[in-house]
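Number of protein chains: 2
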Amino acid sequence: MNESTPQATTKATTLRVPHEAARRQIVAILRAWGVAAAHADAAGELLTYADLRGIESHGLAMMANYEAHKGQGSFVAAPEVTVVRETPALALLDGGAGMGHQPAIRAMDLAIEKCARIGIAAVTVRNSWHFGAAGYYAEMAVRRGFIGMVTTSVWNSSVVPTFAAEAMLGTNPIALAAPARRNPPFVFDMASSTVAAGKIQLAAILGKPIPVGWSVDGRGAPETDAQRAWENRALTPLGGTPEMSSHKGYGLGAMVEILSGTLSGARHAAVEKHHGRSRRPFNVGHFFLAIDPAAMRGDDGFADQLDELIDALRAAKPVDPRQPVLVAGDPERARHDERSRLGIPYARALLERVRRMAEAAGCDYVLEAPMLEGRR
Amino acid sequence: MNESTPQATTKATTLRVPHEAARRQIVAILRAWGVAAAHADAAGELLTYADLRGIESHGLAMMANYEAHKGQGSFVAAPEVTVVRETPALALLDGGAGMGHQPAIRAMDLAIEKCARIGIAAVTVRNSWHFGAAGYYAEMAVRRGFIGMVTTSVWNSSVVPTFAAEAMLGTNPIALAAPARRNPPFVFDMASSTVAAGKIQLAAILGKPIPVGWSVDGRGAPETDAQRAWENRALTPLGGTPEMSSHKGYGLGAMVEILSGTLSGARHAAVEKHHGRSRRPFNVGHFFLAIDPAAMRGDDGFADQLDELIDALRAAKPVDPRQPVLVAGDPERARHDERSRLGIPYARALLERVRRMAEAAGCDYVLEAPMLEGRR
Chain A
709 MNESTPQATT KATTLRVPHE AARRQIVAIL RAWGVAAAHA DAAGELLTYA
759 DLRGIESHGL AMMANYEAHK GQGSFVAAPE VTVVRETPAL ALLDGGAGMG
809 HQPAIRAMDL AIEKCARIGI AAVTVRNSWH FGAAGYYAEM AVRRGFIGMV
859 TTSVWNSSVV PTFAAEAMLG TNPIALAAPA RRNPPFVFDM ASSTVAAGKI
909 QLAAILGKPI PVGWSVDGRG APETDAQRAW ENRALTPLGG TPEMSSHKGY
959 GLGAMVEILS GTLSGARHAA VEKHHGRSRR PFNVGHFFLA IDPAAMRGDD
1009 GFADQLDELI DALRAAKPVD PRQPVLVAGD PERARHDERS RLGIPYARAL
1059 LERVRRMAEA AGCDYVLEAP MLEGRR
Chain B
709 MNESTPQATT KATTLRVPHE AARRQIVAIL RAWGVAAAHA DAAGELLTYA
759 DLRGIESHGL AMMANYEAHK GQGSFVAAPE VTVVRETPAL ALLDGGAGMG
809 HQPAIRAMDL AIEKCARIGI AAVTVRNSWH FGAAGYYAEM AVRRGFIGMV
859 TTSVWNSSVV PTFAAEAMLG TNPIALAAPA RRNPPFVFDM ASSTVAAGKI
909 QLAAILGKPI PVGWSVDGRG APETDAQRAW ENRALTPLGG TPEMSSHKGY
959 GLGAMVEILS GTLSGARHAA VEKHHGRSRR PFNVGHFFLA IDPAAMRGDD
1009 GFADQLDELI DALRAAKPVD PRQPVLVAGD PERARHDERS RLGIPYARAL
1059 LERVRRMAEA AGCDYVLEAP MLEGRR
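In order, the protein sequences belong to chains A and B. Our numbering puts the first residue of the first sequence at 709, with every later residue one more than the last. Our numbering puts the first residue of the second sequence at 709, with every later residue one more than the last.
Warning: the hint list may mix true and false statements.
Because identical chains share one entry, a pair is satisfied inside a single copy or across any pair of copies.
[Stated by the list, open to error] Taking lysine to aspartate or glutamate pairs in the EDC-like style, the calculated list, with each CA pair at most 16 Å apart, reads: (1) K1025 to D925; (2) K981 to D1045; (3) K907 to E939; (4) K981 to E874; (5) K907 to D933; (6) K907 to D1028; (7) K778 to E874; (8) K1025 to D1012.
Worth flagging that the hints you see were computed from the coordinates, not collected in a lab. If you're wondering where the values come from, they're calculated on a predicted model, not measured in any experiment.
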């Protein structure tokens, strides 16, 4: 359709920004909105983590969502995060109706601390909101030599259960990370939808169609118009169609909803929708699990054995020799390494939006400096 | 193609068998093979559980696999199951290279007992084998008011990672069950492949083709011939294709492999295959997690809140009013209720095979008695 190649389009429409500049920009805008320092810092950390790894839907682009929700009472800028309950193996935090990043870091820290003493621990958070990329918290456990597992509910329904004509669940992600020795860690982070909502939003912003199977219309038929798919918030559960076992993606989404929402006593978007409500703040729930492999096995062989598994998977015969078999975390790590050096390539349309956001908030716009790449 | 309707075909080629007869038959054959009583009883319980719920791939049909493996040294008939390690929150069992059902029941019992004291517990088993339907063990936790989560590795590679031309992982299932109050429990049990291997085996036995997306050939192209797909053991990970996010199903399978195999110190089929080995016994690993919602929340509201979620999901607007939206466990429960009353409908071809198996083992064949349905 377009004469320019995708590569040329990318070059013409993106600018490389050092990740520390992106982090400073995010924190500056949030602080200007009145977000408490610890919470702004945590959000800056999480959004930069995502953009460095190419998880654009959870990076700087989220600031547009945060801005839209700011004026609607969706979150408290300076919340009081409290420990509601605590036992040697469990804890329940209340996020104080603020952003999710800071209470989530605190919850995973607590799970890790308890796990170090008794080998396993689970911490949940309720009355929270968006916490960024779930894999970040799972990786926190890995740095202590533990397995980390993380799930979160989502405040809006965007995933259509098998046989349903309307969205009932969020994109409800599940992340698991585990430490290897020679290899980088296994870091798995998936939305339980076929694709993340942010991928459809990005396609809508870029004016691109989406593949059959990512979204459905109100009658269960495929929706390939990205703009309509984004407006309808009607994603398929992983699997895509009943014949391809979409009931599994739907079941995974419900499992995440139970671990994150029911276990913590947070609110379920499906229940709110069922009753025709949409109360704010949203009261999202998160779940954090840490397991110490050394405590389970009685030896330190876990990381070595995971190396063997990772090596075997990487050595699998590929369909195309130019595309070797990957292990969870590989694509994100490659992008992290490249973007740490060269900066994060942001779409100019997104940068313009952030510029206006910074101006509206009355803080400096620091993303475009002399290190720019591509045409102005 | 065939003049008879599927319904007529089903009636002509199946017989209804009371589930207690099926259980007795399974136990009798296993005992005749020399399997220890506790292990034969556990297998009878698990296989009957599966057939009652329509999970035919994990029911009586498994006996043909067990028979094939019996002569190959795949499992020890009368194993010694031992507790290798035990802490207040964790335990590691050794299955003694026997069948998996009995050590798995023992492991989940242990996890539940520990969970009752400190709110969460994980138990793994190594040096084990096939343990039947994972959902069974997750449901054990529900009967105590707990959330149960269960995974297992598999001894043979049948799932082809994204971008690979050969199978590396097993069908690596994940199950999660949670207690409701008014509603039956949430019982989710999925293979991380698009479909279970047993579904392809059944299609091969019945001479039916399989849909595009369930299996791939050696060059990554779709395989629709069920017999070839079964022989090749080349299932797709949930998602089916890279565009439909098969990397998520692949990641889930690897996550299950890590929790079940790496955490317990069991063997990985992928590593064996990488080194061109196939040692027996197979040393399969299982993972069992129990969480007490009351200990997490400090109240007994979990089951009530899960009722609200289940009610909301069931009330979602359906695409077709004749097919309401289901919740994980619904189809299995409906079949369980029907089959408990009317008996389990077994394919005559399978019954013939079991008859020959019983004769070869020198024990009575008790599946065909006067309660038969359909033509002889």
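Margin query: Please list, smallest to largest, the hint numbers that this structure does not respect.
Written below: As far as the earlier hints go, 2, 6, 7 and 8 are violated by this structure, in ascending order.
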